[in-house]
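> Listed here are the chains, written in short residue letters.
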Amino acid sequence: MKVHVYEKAFLSIGGGMLLVFLGALAFATLGAGIHLPDRAGSIDPQAVRTTPPFDDPGVREIAPGKYEVVMVAQAWSFDPAEVRIPAGSEVTFRITSPDVIHGIHVEHTTINVMVVPGQISEMRYTFREPREHLIICHEYCGIGHHYMYGKVIVE
Amino acid sequence: MIRTRFLLAGAALALLAALAAVAVGIRLAALPELHGTLLDPPLPAAEFALTSADGGAVGPQDFRGRLVVLFFGFTNCPDVCPLTMHRLGSAMEELGDRADQVQVILVSVDPERDPPAKVDEYAKRFHPSFIGVTGSDDELRTVTSSYGIYYARTEVEGALGYTVDHSASTLVLDRNGGLRMIWPFDTTPEGMASDLRYLIRR
Amino acid sequence: MKRKVLTGSLLAMGALLVGVSFFAIAQPLTVLPRMALAPGFVLTDQHGERLTNEDLRGKLVVYTLAYTGCGEACAPINRTMAELAARLDEVDTGGAPVRLVTISVDPERDTPAALRSAAEGLGADGQVWRLASGDPAMVRQVVGGGFEVFYEARDDGTIRFDPAFVVVDGWGITRARNRVGLPDVELLLDQLRLLGNEVRASTGVARFAYEAAHLFSCYAY
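Same order as they appear, the protein sequences are chains G, B and C.
What the first sequence shows, in this note's numbering, is residues 1 to 155, in sequence order.
What the second sequence shows, in this note's numbering, is residues 1001 to 1202, in sequence order.
What the third sequence shows, in this note's numbering, is residues 2001 to 2221, in sequence order.
Think of the hints as simulated: they come from the structure by calculation, not from any bench.
Note that the coordinates shown come from a computational prediction; the quantities given were computed from them, not determined experimentally.
Accuracy of the hints is not assured; some may be wrong.
[Unchecked claim] In silico lysine to aspartate or glutamate, EDC-like type, Cα no more than 16 Å apart, as pairs:
#	chain 1	residue 1	chain 2	residue 2
1	G	Lys151	B	Glu1139
2	G	Lys66	G	Glu90
3	G	Lys66	C	Glu2186
4	G	Lys151	G	Asp99
5	B	Lys1124	B	Glu1093
6	G	Lys66	B	Glu1093
7	G	Lys66	B	Glu1139
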């Protein structure tokens, strides 16, 4: 079978890139121990509003300087939509959804996770500087998806 | 008939998978005889800011890039603390020129009798590079609990008045500030040095 | 000759690939994640004796939260713990003892005497299942800071808290935080069973298989 030299080159480059990226993936997972965030628990999506702690979403101070934000992401809002915390606090977000898949990203932070009905997503971040962060839904969730946002106000 | 060329390409891909599996095997099997509990992958270790001898705030996050060894004790400790500190000093001697990759911090859980200057002076008796810090009871409670350590003031008879019972484990953080190793109380200096050498290599 | 070598090495590596994929997909071994270091604490149990996390080192521990003045709200939690205590011998933990600790979220009012009378009603024998309370700041640090569970006193004097069943292994590492709703006793027994498997496999070749499971498999629960 005659393979044109350009095609051979293209295949080699593609194959080479594949090997390099697979190697990088293997190194990251096995060598550096980097893993994607795992689910932090399961919940019956139809009983979200009656299962603690999601029966009372909000910001709670669990220990001095440590806060927990229990949030429900539903079409098409975050509950609570506004999160106020003092600067320097370590915050753990625990979010679930009773309806469809949403995403949550808090701007300028590393909080970026999918919110899947039936699962609880947990992400941690320490807010050091006083500023406002936008909370956005980055997974298409219906006709009101582009209205789905909230705010984290660090005081 | 399979062309040699395609055989080669397939072999390359399978080679990658084999290398990955072998890398894992090496990572697991090449663990030398370790003397403490190795946490792999490392667990998050809390940052803190306790008071040092010059009044500044010191915590493990100030020593990123080096291994940080944390021990919780107090200067009036009759046996556990001097023994552990002495062993840590010997381990540092054994490390020789690698010792600059390790920073030992002694945290005093007896702030009433141990001002920062006293803890630091006590720590430096065992090795000049050791640092001693302490803080208020509130700060200490948060720090010790987050490291799985407890301390409790216990009244005793005699001139000492009270002693402080505390966990005797020594904790080792890696260069990125993750908790890597927990040594039980009776770890030997040779064991500590060997484990530190392993962690320095990683 | 060259072709034979190539085919041979290709088959060998293919076998390795298949083996690893099988391990990752079929997941014959499941493990609980090593989440975080469990908090260090000093508390007092229902006999007035000191209980520290060092006393529980080497043991598998299930922590839960309740308080003596709780009444009906804590009944399901206490029932689950009681059933767990009764069924502990169904689990082979490889020789590691299992302990149950109920920490009071009302440390101001729950003195050892109060805990003792509550314990009698619950069947907490003080050996396997202990009730513990202590300095309010210590309890806040352990429950809020360590186990990250929120609790606060309501205006009417009752305590609002999220139910939690936290499983900690013998190395002092939190392995499961059952924090949503009320877990089934079967689930807790299964988690203890998984930890027991790891205890049994902690020496020898089996250890490598379990470490590989930590790397390759999705975590149970």
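> All the hints need checking, so say for each whether the structure fits it.
Status of each hint after checking the structure:
no.	hint	result
1	Lys151/G x Glu1139/B	31 Å, violated
2	Lys66/G x Glu90/G	5 Å, holds
3	Lys66/G x Glu2186/C	32 Å, violated
4	Lys151/G x Asp99/G	22 Å, violated
5	Lys1124/B x Glu1093/B	14 Å, holds
6	Lys66/G x Glu1093/B	40 Å, violated
7	Lys66/G x Glu1139/B	14 Å, holds
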